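Enquirer: Here's the letter readout for the chains.
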Amino acid sequence: MMKLQIDHLTKRYCLQRENRDVLALADVSFSVEDGEFMAIVGPSGCGKTSMLNIVAGLLPYEEGNVLIDGKRIFGPGIDRAVVFQHASLLPWRTIAGNVRYGMELQKRFDQAAMKERTDYFIKLVGLTGFERHYPSELSGGMQQRVNLARALAADPVVLLMDEPFAALDAQTREFMQAELLKIWTKAKKTVVFITHQINEAIYLADRVVVMSARPGRVKDVFRVPFDRPRNLSLKREPRFLELEDSVWKLIEEESERLGMVAAV
Amino acid sequence: MKTETTLAQPHIKAETPVRPRESLYQRYEASILGGTAVLIIVAIWQAVWSYTDWISPLFFSGPSAIAKAFWSSLTGGNLLADLAFSGKNFTIGFGLALVSGVVLGVIIGWYRRIRMVLDPFLNALYAAPRIAMMPLIIIWFGIGMWSKVFIVFLSAFFPILVNTAAGIRNMDRDLLRAARAFCASDWQIFKTLAIPGSVPFILTGVRQGVAVGLIGVVVGEMLGSSEGIGFMVAYGGQTFQTDTLFVGFVIIAFAGILLTSVAERLERRFSRWRPER
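Those protein sequences? They're chains A and B, same order as listed. FYI, our numbering numbers position 111 of the first sequence as 111, with every residue one higher than the one before it. FYI, our numbering numbers position 235 of the second sequence as 235, with every residue one higher than the one before it.
These aren't lab readings, by the way, just hints derived from the structure by calculation. Every value quoted in this text rests on a predicted model; they were computed, and no experiment measured them. Some hints could be false.
[What the hints assert, rightly or not] List of simulated lysine-lysine pairs, BS3-like, C-alpha gap at most 25 Å:
| hint | chain 1 | residue 1 | chain 2 | residue 2 |
| --- | --- | --- | --- | --- |
| 1 | A | K235 | A | K115 |
| 2 | B | K191 | A | K115 |
| 3 | A | K71 | A | K107 |
| 4 | B | K191 | A | K107 |
| 5 | A | K123 | A | K71 |
| 6 | A | K235 | A | K189 |
Kindly produce the complete structure, drawing on both the sequences and the hints.
Expert: Following this line, the structure appears as structure tokens:
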């Protein structure tokens, strides 16, 4: 069953200074099944963040269709929640207050339910005991956990993640990836996860969309053949590295093509 | 000087509750050094005043003479009445400035077009020394309390207004994006992002407003009044009662230190969660 469908999506930006249009996304089509973890990987400038913003409803689109459960999306909705690259937590609210924030804005749950969900998701991301702390008292990894808990607590149909671990150090990043898989197994959400790290995409996802740069097109969509649950040690296995390597080649081709375009 | 040392201290993190053992001296080093320095200077001043004739009582005064003048104006003079008069003027004027400055600042910060229309006037008035309007204000309000209330209001209003507007306007882009993604309405964004986010800015405005409001009340009373601490200083000067003049000056200095440190304390308290960047 298709949860999210992206159908011939094209996005142009108007560069007013140079008085011309720039094509950010060209005819992008793919779909995500219910409960599926979909990673989107591509070089910087491939329009993956534009695409996520469109799906989140933060960026208008004119050509093509974005459908959730078969319905076209217009603007933000309670069926989606975003985990941002920057934790984007309200510095004057405690951790509990921040986890509540998304639910408060969406007004879907009553006070008791909000309280219950806040506690549940703080526990799920492993931050019990930090409810009354302020974001500035937390490390970057912990702040991203709050960011994730806030999105999950809002009970979205589709969870959108915009390079959520990009700002973390390598070690924290690995642990957060493993943690995310655990949480995802429990929360059973459809996830669209954007990253520029190939091994992150392969490790996390059921399927991976590889995008090309300028304009962003779907270069390839493939299924990750590894069983779950996955351990972090999977990343060191030859079959994993082989797959990573083949995706690298795809993206390398892209950069070369771009390099030549730039030379002309 | 005080501002810098206190602001430079890092925010205390919850992860580091174990405070390294420090001696009583280490904990109060700033107060001890500063206090000792003040005592030494006052002692030297007093010694020079008592045992030499380097200081002419017409041009300057000494600690003991100031203390004596303070005591006699407290018991026999009008000091308490003057203090009450100045205090009342400052409180009413500052209160009005606080309420209207915050309200108008929020409106100007939130509505871009209103800001565009009002900006030139506000910038001119914010930059101009409002105290220069005192003669005009006396023409409007007379030399009673209301001209003083008004100059305090006028002095404190603009810093509060400008800082509040800046606080509303400088909304964090990332937070705005997050709120929008969760379907926030404009009203919810105003309530949950703009207002709480501008609190540290408002308090900065309050601190600046206190400082200029104090100047307002003193200079206002100097220029046209028959009461108040400012009048006391001006009168002391005109009648060559240098000791009395100094009493007024010391009181003003203390009021300044007291009010500014209260404002600073508030500012620090509310900026506990302010992002450190």
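Enquirer: Against each hint, give a clear statement of whether it holds in the structure.
Expert: Each hint tested on the structure:
Our distance criterion of 25 Å between C-alpha atoms is broken by K235 (chain A) and K115 (chain A), whose separation comes to about 38 Å. With a C-alpha separation of about 21 Å, the suggested pairing of K191 (chain B) with K115 (chain A) holds against the 25 Å cut-off. Restraint check: the Cα-Cα separation between K71 (chain A) and K107 (chain A) comes to about 22 Å, which is no more than 25 Å; the hinted pair holds. About 15 Å separates the Cα atoms of K191 (chain B) and K107 (chain A), which keeps this hinted pair within 25 Å; it holds.
Among the hinted pairs, K123 (chain A) with K71 (chain A) is inconsistent with the structure: their alpha-carbon atoms are about 33 Å apart, more than 25 Å. Straight-line distance between C-alpha atoms of K235 (chain A) and K189 (chain A) comes to about 24 Å, which keeps the hinted pair within the 25 Å bound.
Consistency note: the structure conflicts with the earlier hints numbered 1, 5.
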